[in-house]
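Participant: Knowing the structure of chain A, use the given hints to seat chain B on it.
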Amino acid sequence: MLVGMSLAFGGMDMDRLMLLASQRYGNAGAVSVIAWRDLLTQAAGLPDAAKLRRVNDFFNRRIRFKEDTEIWGMADYWATPLEVLGRAQGDCEDFAIAKYVTLQLLGVPAEKLRLTYVKVRIGGPQSTVVQAHMVLSYYPAPGGEPLVLDNLISDIRPASRRTDLTTAFSFNTEGLWVGGATPRAASGTQRLSKWQSVLARMREDGID
Amino acid sequence: MTLTKQLWLAIAAIMTLAFGISFLVSAWSAKNYLEDQLRLKNIDNANSLALSMSQIEKDPVLIDLLVSAQFDIGHYKRIKLTSPTGKVLVERISDEKNGDVPTWFVRLIPLQTEPGVAQVQDGWRQYGTLTVVSHNRFAYEALWQGNRRLLVWFLASAFLCGVIGTFVLRAITRPLGEVVKQAEAIGARRFVVINEPRTKEFRTVVRAMNALSGQVRGMLDEESARLEQLRRDAQYDSLTGLLNREHFMKKLQFVLEDEKSPPAGALFILRLPDLIKLNKELGRETTDTLLKRVAGALQESCPDNPCLIGRLNGADFALIAPEVDSIDALRHKIAARALLSINDPSSTTEHALLLGAAVYRHGDPMSQVLSRADMALGRAEQEGGSAVEAGDLSLEWKPATSLMAAWQVLIETALNLKRVQFATYPVLDAQGQLIHFEAPARMQVIQSALWLPAQEFMPWASRLGLTERIDEAVFDYAFDWLETNNGPVCINVSPQSVCDPVLTARYYRALKCSPHLADRIWIDIPEFVAYRHAREFRVFCDTLKALGCKIGLEHVGNQICHIGELYDVGLDYLKIDSAIIRDIDQNLGNQTFLRGLCTIAHTMGMMTIAEGVLNQREVLCLKELGFKGMTGPGIALG
Numbered sequence: 001m002l003v004g005m006s007l008a009f010g011g012m013d014m015d016r017l018m019l020l021a022s023q024r025y026g027n028a029g030a031v032s033v034i035a036w037r038d039l040l041t042q043a044a045g046l047p048d049a050a051k052l053r054r055v056n057d058f059f060n061r062r063i064r065f066k067e068d069t070e071i072w073g074m075a076d077y078w079a080t081p082l083e084v085l086g087r088a089q090g091d092c093e094d095f096a097i098a099k100y101v102t103l104q105l106l107g108v109p110a111e112k113l114r115l116t117y118v119k120v121r122i123g124g125p126q127s128t129v130v131q132a133h134m135v136l137s138y139y140p141a142p143g144g145e146p147l148v149l150d151n152l153i154s155d156i157r158p159a160s161r162r163t164d165l166t167t168a169f170s171f172n173t174e175g176l177w178v179g180g181a182t183p184r185a186a187s188g189t190q191r192l193s194k195w196q197s198v199l200a201r202m203r204e205d206g207i208d
Numbered sequence: 001m002t003l004t005k006q007l008w009l010a011i012a013a014i015m016t017l018a019f020g021i022s023f024l025v026s027a028w029s030a031k032n033y034l035e036d037q038l039r040l041k042n043i044d045n046a047n048s049l050a051l052s053m054s055q056i057e058k059d060p061v062l063i064d065l066l067v068s069a070q071f072d073i074g075h076y077k078r079i080k081l082t083s084p085t086g087k088v089l090v091e092r093i094s095d096e097k098n099g100d101v102p103t104w105f106v107r108l109i110p111l112q113t114e115p116g117v118a119q120v121q122d123g124w125r126q127y128g129t130l131t132v133v134s135h136n137r138f139a140y141e142a143l144w145q146g147n148r149r150l151l152v153w154f155l156a157s158a159f160l161c162g163v164i165g166t167f168v169l170r171a172i173t174r175p176l177g178e179v180v181k182q183a184e185a186i187g188a189r190r191f192v193v194i195n196e197p198r199t200k201e202f203r204t205v206v207r208a209m210n211a212l213s214g215q216v217r218g219m220l221d222e223e224s225a226r227l228e229q230l231r232r233d234a235q236y237d238s239l240t241g242l243l244n245r246e247h248f249m250k251k252l253q254f255v256l257e258d259e260k261s262p263p264a265g266a267l268f269i270l271r272l273p274d275l276i277k278l279n280k281e282l283g284r285e286t287t288d289t290l291l292k293r294v295a296g297a298l299q300e301s302c303p304d305n306p307c308l309i310g311r312l313n314g315a316d317f318a319l320i321a322p323e324v325d326s327i328d329a330l331r332h333k334i335a336a337r338a339l340l341s342i343n344d345p346s347s348t349t350e351h352a353l354l355l356g357a358a359v360y361r362h363g364d365p366m367s368q369v370l371s372r373a374d375m376a377l378g379r380a381e382q383e384g385g386s387a388v389e390a391g392d393l394s395l396e397w398k399p400a401t402s403l404m405a406a407w408q409v410l411i412e413t414a415l416n417l418k419r420v421q422f423a424t425y426p427v428l429d430a431q432g433q434l435i436h437f438e439a440p441a442r443m444q445v446i447q448s449a450l451w452l453p454a455q456e457f458m459p460w461a462s463r464l465g466l467t468e469r470i471d472e473a474v475f476d477y478a479f480d481w482l483e484t485n486n487g488p489v490c491i492n493v494s495p496q497s498v499c500d501p502v503l504t505a506r507y508y509r510a511l512k513c514s515p516h517l518a519d520r521i522w523i524d525i526p527e528f529v530a531y532r533h534a535r536e537f538r539v540f541c542d543t544l545k546a547l548g549c550k551i552g553l554e555h556v557g558n559q560i561c562h563i564g565e566l567y568d569v570g571l572d573y574l575k576i577d578s579a580i581i582r583d584i585d586q587n588l589g590n591q592t593f594l595r596g597l598c599t600i601a602h603t604m605g606m607m608t609i610a611e612g613v614l615n616q617r618e619v620l621c622l623k624e625l626g627f628k629g630m631t632g633p634g635i636a637l638g
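Chains as they are written, first to last, in my numbering: chain A, 1 to 208; chain B, 1 to 638.
No lab work stands behind these hints: they were computed from the structure. A hint or two may mislead.
Lysine to aspartate or glutamate pairs mimicking EDC-like chemistry, simulated, CA-CA at most 20 Å apart [unchecked claim]:
no. : chain 1 : residue 1 : chain 2 : residue 2
1   : B       : Lys87     : A       : Glu111
2   : B       : Lys58     : A       : Glu145
3   : B       : Lys80     : A       : Glu70
4   : B       : Lys77     : B       : Glu141
5   : B       : Lys87     : A       : Asp155
6   : B       : Lys292    : B       : Asp274
7   : B       : Lys512    : B       : Asp583
8   : B       : Lys623    : B       : Asp429
9   : A       : Lys112    : B       : Asp122
10  : A       : Lys119    : B       : Asp519
11  : B       : Lys80     : A       : Glu111
12  : A       : Lys119    : B       : Glu57
13  : B       : Lys80     : B       : Glu96
14  : A       : Lys194    : A       : Asp68
15  : A       : Lys112    : A       : Asp155
16  : A       : Lys194    : B       : Asp36
17  : B       : Lys181    : B       : Asp568
18  : A       : Lys51     : A       : Asp155
19  : A       : Lys194    : A       : Glu70
20  : B       : Lys31     : B       : Asp100
21  : B       : Lys628    : B       : Asp519
22  : B       : Lys41     : A       : Glu174
23  : A       : Lys194    : B       : Asp583
24  : B       : Lys87     : A       : Glu145
These figures come from a predicted structure and were not determined experimentally.
Bound conformation, chain A alone (with noise of 0.2 Å):
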């Protein structure tokens, strides 16, 4: 499972992540993979707060923002990590999804990642025009203030100083697949939900 797995990557297929990336896109793809596996094996022993900031980095800077339409051609696709590395784009879904995958391969517990729908406020706090949008929450403590782990912004603040959002509802993997039970592919990926789609999907591209 995703949270035994992080420990040195549990069985994550690295070799076939690669073949698939260079498959898919080409030799960008798989110097994204790499980058992206240097990254794994770097931050392995990191503090969990230098965790999230090399994370944060990382797809913050490499990942360019695109909406679902142009990138996909429909209107909510929820990509894997994979994909995102591949083409390089993602919209904020994509962004909370690689680095919630990337930082449970880490080894950071699912209890304290929430992915967050929040609605934001854009062009200041007088502004009206609002936007959904989703962020990754960090909880350091299970009844405390988070870490939002934003692809608006480059650093990562705590939800007080974040007047900008007001979260909706947060999810994780917790209690999704317990007691060992996975999605089989005979329930069919479009019974699921998008996030377990995502999952399902994930796991076939090798990322376990």
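Facilitator: Leaving out everything else, chain B in the frame of chain A:
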């Protein structure tokens, strides 16, 4: 075990297996499907409830209400909200049972439903983790009902298969029953031939068994023809085909002694005094032809009566006429025909013949009867033509109407008072053990309390048409007798009774009601009935033998050539006529004949019993010939 039972077992086994497999498959796929559905429902409901909670003010009462509302409107086993530190904030647990689904079924198919887990936010703060577990009662009920329906369908189709299978099997094995019957018949040495069934495998078997029956039958036919030849050689005059002297004398003796023979009759002796002269004049061949013509004339003289005709020596012929109504009439008839046969109408010279007749009565010594016939012959020589010597007997005994009426009264009275019974004479096997008691009928004359033997009243009963009633009375008496005696007992059944289906049916019913007596009843039937009334005889045998009675022929000897025809009747025994048995130790011809007869009878599964055995010499000889049983004056229980 019968095939049908095996078929049912096989269907039960197959259906159980099929049900087991389809139960496993359907239960397994249903289990997976239901588990998936429950899991999705758990996740969906957990998330939507968590979503609602995340949006509202985190007032504990409100949160509690929300959980209660969700719990009460849906079907849940458990809804739990825990704080990030693991403290339970709200919990609802249903103690609802699995409806009417038995616990063993629940245990057999454990539905593992994963709880749905979702996070509840309070702004940026984590408020808690929501765990939702749906109730799987409905899933179990659906599974239980589905499998019950499946079981019912399987039972119904198993039953249907069984019923159809039974019918099909019955149709298939119907010929098998016939095959088995034939095999059993052949085992009992009844070599029957049946129609070939359509089933190929059975047809092969039946063809083989038919071939076996055919071969046995052919062998029996050949064997009986050979026997017949032996018998003729031993008992008949080779030139004229009449009985030879030896055999004729035995017949005469039997007629005089046997209980069942008619009480009186006449013995004729015909002599050709000029035979030597004729032989010289006409030559041997012509004389032989002449002798044959005389024999033919004698046979024509009594076509209706059971006459016995023999050639005593070169020029002497003899004829026994039992039951003849008028001796004089018969004498004239014989003389006239015989004269015609030896004289050429165109010739001027006439060859003479002498005819002497002697009247005899049952019990007369043979020598006396013969000497009377000799005297008559002497008188005929003196008087010319023919003469009758009656001794003290009347020449005419054509029954007077009054005599008939008297006998009718006598017999009917005895029948009505149940005074028709039987005497018993033992029939023993070679070791001196009892086979059965021979039981000739006896009738009591009420006025004199005297018991008459069969030969006294049976001829009258026959004339009066009372034979069947006497047979019936004897049969009834046999039942009474067997209640107090061990038996077995062997009763006589007359030809008339064999041919009477009503009486046969009555015998059948009586024996059916007393099955314990049936195997102690043996039934003697005269030999000629088996051939002259072959169809009725077979019906009679098939009907009564099925109940365990033993049936055989008595006075066997004259129609041996037909014995092969009995191949499919399955008779139990043959009683060989005393005329053949008499002095068997001195008659090599008859010995050869009887040895052959015993062999063929044993091949056909019949016991051979010798009638009229007189002494130990005969007994030893008969044992050596292969006889299994003996009866007669020389045989007594030791």
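Participant: Now, for every hint given, state plainly whether the structure supports it.
Facilitator: Each hint tested on the structure:
1. This hinted pair checks out: B:Lys87 and A:Glu111 have alpha carbons roughly 15 Å apart, not beyond 20 Å.
2. Simply put, B:Lys58 and A:Glu145 have alpha-carbon atoms about 17 Å apart, close enough for the 20 Å limit, and the pair holds.
3. About 42 Å separates the Cα atoms of B:Lys80 and A:Glu70, which puts this hinted pair outside 20 Å; it is violated.
4. For the hint linking B:Lys77 to B:Glu141, the alpha-carbon distance of about 15 Å falls within 20 Å, and the restraint holds.
5. Taking the CA atoms of B:Lys87 and A:Asp155, the gap is near 34 Å; set against the 20 Å cutoff, the hint is violated.
6. Restraint check for B:Lys292 and B:Asp274: satisfied, since their Cα atoms lie roughly 16 Å apart, inside the 20 Å limit.
7. This hinted pair does not check out: B:Lys512 and B:Asp583 have alpha carbons roughly 42 Å apart, beyond 20 Å.
8. For the given pair, B:Lys623 sits about 9 Å from B:Asp429 by alpha-carbon distance, which is consistent with the 20 Å threshold.
9. Between the alpha carbons of A:Lys112 and B:Asp122 the distance comes to roughly 15 Å, so the proposed pair stays at or under 20 Å and holds.
10. A threshold of 20 Å between alpha carbons decides the hint, and for A:Lys119 with B:Asp519 the separation of about 111 Å lies outside it, so the pair is violated.
11. Annotation: proposed proximity of B:Lys80 to A:Glu111 holds, straight-line Cα distance about 17 Å (limit 20 Å).
12. Under the criterion of a C-alpha separation no larger than 20 Å, the hint pairing A:Lys119 with B:Glu57 is consistent with the structure, at around 18 Å.
13. As the CA atoms of B:Lys80 and B:Glu96 are separated by approximately 17 Å, the hinted pair is consistent with the 20 Å bound.
14. A C-alpha spacing of about 14 Å is found between A:Lys194 and A:Asp68, which places the hinted pair at or below 20 Å, so the restraint holds.
15. Taking the CA atoms of A:Lys112 and A:Asp155, the gap is near 19 Å; set against the 20 Å cutoff, the hint holds.
16. The straight-line distance between the Cα atoms of A:Lys194 and B:Asp36 is roughly 17 Å, inside the 20 Å bound, and the hint therefore holds.
17. At most 20 Å may separate the alpha-carbon atoms for a hinted pair to count; B:Lys181 and B:Asp568 meet this at roughly 12 Å.
18. Our distance criterion of 20 Å between C-alpha atoms is met by A:Lys51 and A:Asp155, whose separation comes to about 13 Å.
19. A C-alpha spacing of about 19 Å is found between A:Lys194 and A:Glu70, which places the hinted pair at or below 20 Å, so the restraint holds.
20. The straight-line distance between the Cα atoms of B:Lys31 and B:Asp100 is roughly 18 Å, inside the 20 Å bound, and the hint therefore holds.
21. Under the criterion of a C-alpha separation no larger than 20 Å, the hint pairing B:Lys628 with B:Asp519 is consistent with the structure, at around 19 Å.
22. With a CA separation close to 17 Å, the supplied pair B:Lys41 and A:Glu174 stays within the 20 Å bound.
23. A hinted pair counts as satisfied when its Cα atoms are at most 20 Å apart, and A:Lys194 with B:Asp583 does not qualify at roughly 121 Å.
24. This hinted pair checks out: B:Lys87 and A:Glu145 have alpha carbons roughly 19 Å apart, not beyond 20 Å.
The structure is inconsistent with the numbered hints 3, 5, 7, 10, 23, although it conforms to all the rest.
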